[in-house]
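> Protein chains in written order, with this note's numbering: chain A, 1 to 166; chain B, 167 to 261.
All clues given are correct.
Restricting the straight-line Cα-Cα distance to at most 27 Å, the calculated cross-link-like pairs of lysine-lysine (DSSO-like) are:
id	chain 1	residue 1	chain 2	residue 2
1	B	K255	A	K31
2	B	K193	A	K31
3	B	K255	B	K193
What the simulated footprint calls covered on chain B by chain A, stretch by stretch (three residues with Cβ under 8 Å from a Cβ of chain A suffice, anywhere in the stretch; the number is not a length):
id	segment
4	239 to 245
5	249 to 258
Covered, in the sense of this in silico footprint (three residues per stretch, anywhere, with C-beta under 8 Å from a C-beta of chain A), are these stretches of chain B:
id	segment
6	171 to 180
7	184 to 193
8	209 to 221
9	228 to 236
Derived by calculation from the structure, the hints in this document are not laboratory data.
Remember, it's a predicted structure, so these values are computed and weren't measured experimentally.
Cβ atoms here follow ideal geometry from the backbone N, Cα and C, with glycine treated the same way.
Each chain, letter by letter, is given below.
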Amino acid sequence: MFLTSDILQVVIFGIFSIVSIISAIFILNSKNVFYSAVALAFLGISIAVLIADLAPASYSIYSAFHILLYVGATVVFLSVSMVIFKDLYAKQEQVTPSGIAVAVSAVVLFLSVILGLSSSSSPEISPVSLQQLADDLLSGFWFPAVVLVIALLTTLIEAITLARRD
Amino acid sequence: MILIGYMSLSLSIVLVAVGLYGIIVSKNVIRVLLSSEIILNASLLFLFSVSLIVGLLYKPIIFSIFAIGMALTEVVVAFAAIILYYRQKGSLEVD
Numbered sequence: 001m002f003l004t005s006d007i008l009q010v011v012i013f014g015i016f017s018i019v020s021i022i023s024a025i026f027i028l029n030s031k032n033v034f035y036s037a038v039a040l041a042f043l044g045i046s047i048a049v050l051i052a053d054l055a056p057a058s059y060s061i062y063s064a065f066h067i068l069l070y071v072g073a074t075v076v077f078l079s080v081s082m083v084i085f086k087d088l089y090a091k092q093e094q095v096t097p098s099g100i101a102v103a104v105s106a107v108v109l110f111l112s113v114i115l116g117l118s119s120s121s122s123p124e125i126s127p128v129s130l131q132q133l134a135d136d137l138l139s140g141f142w143f144p145a146v147v148l149v150i151a152l153l154t155t156l157i158e159a160i161t162l163a164r165r166d
Numbered sequence: 167m168i169l170i171g172y173m174s175l176s177l178s179i180v181l182v183a184v185g186l187y188g189i190i191v192s193k194n195v196i197r198v199l200l201s202s203e204i205i206l207n208a209s210l211l212f213l214f215s216v217s218l219i220v221g222l223l224y225k226p227i228i229f230s231i232f233a234i235g236m237a238l239t240e241v242v243v244a245f246a247a248i249i250l251y252y253r254q255k256g257s258l259e260v261d
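Build out the structure end to end from the sequences listed, making use of the hints.
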C-alpha cells in the first residue's frame with residue numbers, strides 16, 4: 001500500500017499540528033521561562049513545516065525564511081538574553097472565567113471565518129521562484145524593504161547596547 | 167487541498183486561543199511576550215490558510231517576510247523594556 005501525496009500531506013499536517021499545540025501548551029505551563037523559549041523554537045519550526053505543507057511549490061521559500069529569521073534570530077535572541085535574569089521561574093494566576101471567554105471567542109472567530117470563506121473557489125497552484133520573489137521585493141516593495149532594513153539595523157545597535165550592559 | 171486549508175485555519179484559531187489565554191493568566195512579563203509570539207505564529211498560519219482557500223498564493227509570502235522581520239524588531243525592543251523593568255523593580259512579575 002502506497003501513500004499518495006494527499007494522504008502524506010494530511011499525515012504531516014497531523015503530526016506537526018500536534019507538535020505545535022503541545023509546544024504552545026508547554027510555553028504556558030512550564031515553570032521555567034527559559035524552557036518556554038525553547039518550546040517557542042519548536043512551535044516556530046512546526047509552523048514553518050505546516051505552512052510549507054499547505055502548498056509545497058509556493059510556500060516552501062517562505063518556510064525557509066521563517067526558520068532562518070524567526071527561529072534562528074528571534075527565538076535564539078530570546079533564549080540567550082534570558083541568561084541575564086536570576087528569577088526565571090514564573091507563577092500563574094488562576095482566572096477561571098477567562099478560559100471560557102477565550103474558548104467562546106475562538107468558536108465565534110472560527111464560525112465567522114468559515115461563513116466568510118464559504119463562497120470561495122478552488123485556487124490554482126503556481127510555483128514561486130526565489131528570483132521572482134527577489135524581483136518583486138526590490139521593484140514593487142522597495143520602500144517597506146528599506147524601512148525593514150533600517151529597523152533591523154537599529155535592532156542590531158540596540159542588541160549591542162544591551163550586551164554591553166552599562 | 168482546500169480541506170487542509172480549513173484544517174490549518176482551525177489549528178491557527180486554536181493557537182490564537184491558547185496565546186490569548188496565556189496573555190490573560192500570566193503574571194510574568196516574559197511569558198506574556200512569549201504568548202504574544204504564539205499569536206504571531208498563529209496569525210501567520212491563518213494568513214497562509216486563508217490565502218490558500220481564496221486563491222491568493224503569492225501575495226502573503228512578501229507580506230509575511232515583512233511581518234517576521236518586524237516581529238524580530240518588536241521582540242528586541244520589548245526585551246529591552248523588560249530588562250529596564252527588571253532593573254527598576256527587581257522582579258519580572260506584573261501587578
